[in-house]
Amino acid sequence: MRYIPNAEKDWAKMLPIAGFASLEDLSRLLPESLRLKAPLRLPPPLSEMELRHSLRSLSENGPAGNWISFLGAGAYDHFIPAAVDHILRRSEFYTAYTPYQAEISQGTLQAIFEFQTLICQLTGMDVANASVYDGGSAVAEAVLMALRIKGRKKVLFSRALHPEYRWVARTYTHPLDLRWEEVPYTEEGTTDLGAAGGRMDSDTSAFVIQQPNFFGCLEDLERAAELAHARGALLVVATAEPLSLALLRPPGTLGADIAVGEGQSFGNALNYGGPYVGFFASQEAFLRSMPGRLVGETQDLQGRRGYVLAVATREQHIRREKATSNICTNQALCALATLVYLSLMGKEGLRELAEINLSKAEYAKANIRGKAHLRFSAPTFNEFVLQVDGDPDRVLEALRKENIVGGLPLHRFYPEMKREILFCVTEKHSKADIDRCLEALANPRGG
Amino acid sequence: MEEKRPKPCGRYLEEALLFEEGGEGRRGFSHPKLDVEKIHPRDVWPSRWVRKDLEGFPELSEVEVIRHFTRLSQWNYGVDSGFYPLGSCTMKYNPKVNEDLARLPGFAGLHPYTPEAMAQGALQLMHELEEYLAEISGMDRVTLQPSAGAQGELTGMLMIRAYLADRGNPRSKVIIPDTAHGTNPASSAICGYQVIQVKSNERGILSPQAVAEKMDEEVAALMITNPNTLGLFEENIQAIAEVVHRQGGQVYCDGANLNALVGLAKVGAMGVDVLHFNLHKTFSTPHGGGGPGAGPVGVKAHLAEYLPVPIIVQEKGRYRLDYDRPKSIGKVRTFYGNFAILVRAYAYIRSMGPEGLRRASQIALLNANYLRAQLKPYYHLPYDRPCMHECVFSDKWQSRKGITALDVAKRLMDFGFHPPTIYFPLVVAGALMIEPTESESKETLDQFIAAMRQIAEEAEKDPDLLRQAPHSTKVSRLDEVLANRKPKLRWKPNP
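Chains as they are written, first to last, in the working numbering: chain Z, 22 to 468; chain W, 6 to 500.
Be careful, since some hints might not be right.
[To be verified] Far from chain W by the CB rule (all over 10 Å, computed), these chain Z residues:
1. Asn87
2. Ala123
3. Tyr186
4. Asp224
5. Asp410
6. Asp412
[Unchecked claim] Below, a list of computed lysine-lysine pairs in the DSS-like style, where the Cα atoms sit at most 25 Å apart:
7. Z/Lys343 / W/Lys43
8. Z/Lys452 / W/Lys491
9. Z/Lys58 / W/Lys401
10. Z/Lys449 / W/Lys43
11. W/Lys447 / W/Lys466
No lab work stands behind these hints, which were simulated from the structure alone. For each residue, glycine too, the CB sits at the ideal point set by N, CA and C.
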């Protein structure tokens with residue numbers, strides 16, 4: 022009971038004042054028929070030492086030591102500077118809640134204001150919110166927002182949009198009876214914009230495309246925007262690997278109306294898939310239709326600068342069923358990680374990091390010849406699709422014998438891709454790691 | 006003359022925005038030397054796609070970054086700073102060891118697409134947590150996928166909709182009590198349901214009659230919170246569930262207030278079909294300044310086939326992710342859930358054990374009733390009877406002097422406390438909703454009672470002191486109207 026201060030002597034004083042005879046007597050608050058008679062069937066309590074031991078052994082039940090992994094596909098293994106976690110562990114940050122009481126929450130509020138600014142700068146958009154849950158729900162919320170703005174029942178999406186993002190967006194909008202139309206990808210690995218143009222009509226609310234796309238290929242956003250706008254639809258651009266935005270012209274300057282994505286890459290650990298942090302930005306004109314929390318600048322009674330939750334008349338706690346979203350919390354601590362990470366990387370450092378990722382991926386691509394084939398020819402950032410000879414699962418199994426987790430087999434999401442594997446290369450891979458992987462691909466042991 | 010005196014806020018109290026600090030050429034991180042040929046984007050991409058620079062991005066050293074955020078943290082108030090009786094948010098202590106455990110390299114470094122055979126420990130932890138939550142709640146199956154309570158609501162309502170659609174009609178309405186959280190109607194609306202509000206009675210709870218009057222064969226579900234947001238147990242819940250079930254509806258329980266019930270009663274025995282858990286409330290994971298949380302959902306067996314995919318299956322001592330669920334509603338987020346939050350909740354349950362969890366709920370009830378009894382002479386208690394884990398007062402007596410719940414809340418900061426939830430639930434005008442949790446000692450509660458008592462006196466004698474409060478914080482009362490009239494939502498360089 023190390024987390025509960027009040028002990029028997031304290032209850033003895035408190036119970037009569039509270040109007041109860043004993044702790045068991047508190048059960049009077051519940052109807053007799055519902056009172057639990059038997060103890061819960063849960064394991065007995067553990068001391069801190071036992072708990073550490075138990076969880077450590079569970080955690081060591083996976084890849085460890087000198088394993089290298091080339092998995093990306095929406096979750097990226099980047100190096101996280103120590104300073105990030107030292108700030109996250111400031112318990113004034115992590116043990117606080119949503120900053121409803123601004124005067125004692127200026128730390129969280131200013132941090133969110135700075136996060137909103139960085140997301141605007143990165144995406145080239147006018148306004149960004151305090152974050153949403155993850156990349157998938159960010160896409161779902163963007164689609165819902167486009168529907169609110171346009172009121173049309175059709176959504177066009179690229180088949181090269183992350184399969185899980187598509188899945189989440191369709192789950193969120195299932196009750197709305199929308200028409201979802203898929204745009205295929207080309208032999209080059211990009212969204213077939215010709216086909217998109219043909220399917221865009223006056224009933225289309227949004228065209229959703231990913232940059233870089235799920236195959237790592239770069240899309241022509243300018244043309245996508247022209248196609249969407251010609252039919253009065255909005256262009257929603259999702260980015261799973263936002264590090265690419267350090268080198269790519271941002272969606273906001275290329276015609277995107279809503280730019281969303283996954284911020285995990287920036288200072289958040291892989292964590293077996295969560296928590297991550299969805300970012301959400303749009304053009305100024307759509308501010309009142311945005312979901313989620315927004316922090317705004319204001320003044321106190323003495324005219325000093327301060328920050329508060331702003332434009333809340335869109336939100337569920339005020340508008341209830343008329344709110345722009347049901348979202349209540351954001352992912353404040355993950356957004357803080359992103360903010361600290363980006364502050365450390367800074368203006369030049371982030372670009373350099375992106376160039377390192379690009380250079381290493383290009384090195385891998387250039388040295389693949391003879392070991393596997395590059396499936397697509399479109400330019401890429403730090404991910405690309407390989408086509409292997411034979412069953413990719415067996416190839417990957419052979420790589421595992423060399424302590425290599427070799428990317429994601431794509432047949433899982435794309436039945437037509439029977440021999441394709443999505444590879445990701447980041448700054449964490451040395452030239453030797455890449456060489457080792459390529460070597461293993463060429464000469465599979467027992468594969 | 007005025008100009009020469011030091012300004013009242015010096016460096017300690019002022020911290021510019023990141024973008025206003027630092028200077029050209031400063032670096033907060035050094036990259037390792039590139040061991041392959043350097044490729045410039047213009048070498049491999051069309052030049053019109055290449056970005057010129059990251060305009061406005063900060064340029065700071067590591068020292069400056071650390072000082073900046075350390076300063077910001079000092080302007081915050083967390084559970085570790087002191088008493089945080091924010092009603093319905095269950096701001097209990099966040100055990101420190103759980104922070105370490107969530108960061109174990111084998112967990113933190115695990116990629117979500119790691120082959121299942123190599124992620125057995127993580128899958129085992131999730132599977133066991135599902136079983137613990139099922140046992141605690143009396144529900145049959147649990148999904149850990151939803152990222153937060155509100156996403157849990159959406160998940161639950163989507164499942165109910167799919168279940169009813171399979172029976173011929175998804176129906177069009179959801180009944181929600183006037184005491185409900187705003188997320189309940191908002192989540193129902195996303196699912197395409199019209200919200201029908203039902204009033205709680207003079208005792209602050211729902212009557213079966215009131216529900217029966219609204220109930221018909223177009224009602225998909227009743228969303229109920231138990232204990233409700235007045236801190237009162239919905240005593241008629243079984244009879245109400247019967248009313249709903251008789252006409253083919255489902256009962257959704259918002260588990261925001263589950264901390265009142267662990268080990269004392271099971272929601273599954275109350276006629277509830279779907280329940281969401283807030284791991285960041287009942288199960289001690291930190292609130293993070295507004296997330297990340299986690300909102301697992303428990304269902305009765307008849308809804309299990311609609312759970313989001315994947316579900317975790319245990320076969321012959323091995324765990325795998327099962328996507329082959331044709332009736333599933335799909336996915337509400339990428340991957341499997343907020344895993345690092347799940348680790349913390351798992352660690353909490355393992356630390357507490359069955360007796361510890363029950364004791365936590367008992368002490369939460371005791372602390373709330375102790376506060377209720379001690380504050381009753383000074384503040385109006387609209388529903389004057391024993392409460393569960395929280396109690397709701399109002400500013401009715403103070404409002405005679407023009408003092409509002411907001412003034413009381415702001416003044417509490419000067420005493421070193423986080424204020425309670427105010428103006429919620431909506432059924433109490435000027436509500437002050439106080440939830441002490443089990444984490445507070447009698448001495449802390451007594452200090453809080455003394456502060457509340459003094460504030461009640463000040464409201465009589467010196468109401469302006471309250472209207473100008475807080476007096477001891479980094480900034481004084483902030484102008485929310487200004488923030489909304491001309492929203493300034495980001496920093497921009499001076500033109």
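Against the structure, the hints come out as follows:
Non-interface call for Z/Asn87 relative to chain W: holds, since the shortest CB-CB distance, roughly 13 Å, exceeds 10 Å. Distance to chain W contradicts Z/Ala123 as a non-interface residue, since its nearest Cβ pair spans about 5 Å, not more than 10 Å. Consistency note on Z/Tyr186: stated as away from chain W, yet its beta-carbon is not over 10 Å from all of that chain's, at 7 Å minimum. Consistency note on Z/Asp224: stated as away from chain W, and its beta-carbon is indeed over 10 Å from all of that chain's, at 19 Å minimum.
The Cβ of Z/Asp410 sits about 21 Å from the closest Cβ of chain W, beyond the 10 Å cut-off, so the non-interface label holds. For Z/Asp412, the condition that its CB be more than 10 Å from all CB atoms of chain W holds, with the nearest at approximately 15 Å. For the proposed pair Z/Lys343 and W/Lys43, the alpha carbon gap of about 53 Å is over 25 Å, so the pair is violated. Taken as a hint, the Z/Lys452 and W/Lys491 pair is broken in the structure, with Cα atoms around 52 Å apart against an allowance of 25 Å.
As the CA atoms of Z/Lys58 and W/Lys401 are separated by approximately 41 Å, the hinted pair breaks the 25 Å bound. Pair hint Z/Lys449 plus W/Lys43 holds up; C-alpha atoms about 16 Å apart against a cutoff of 25 Å. Between W/Lys447 and W/Lys466 the alpha-carbon distance is near 29 Å, which puts this suggested pair outside the 25 Å criterion.
Hints 2, 3, 7, 8, 9 and 11 from the list above are not met by this structure, while the remaining hints are.
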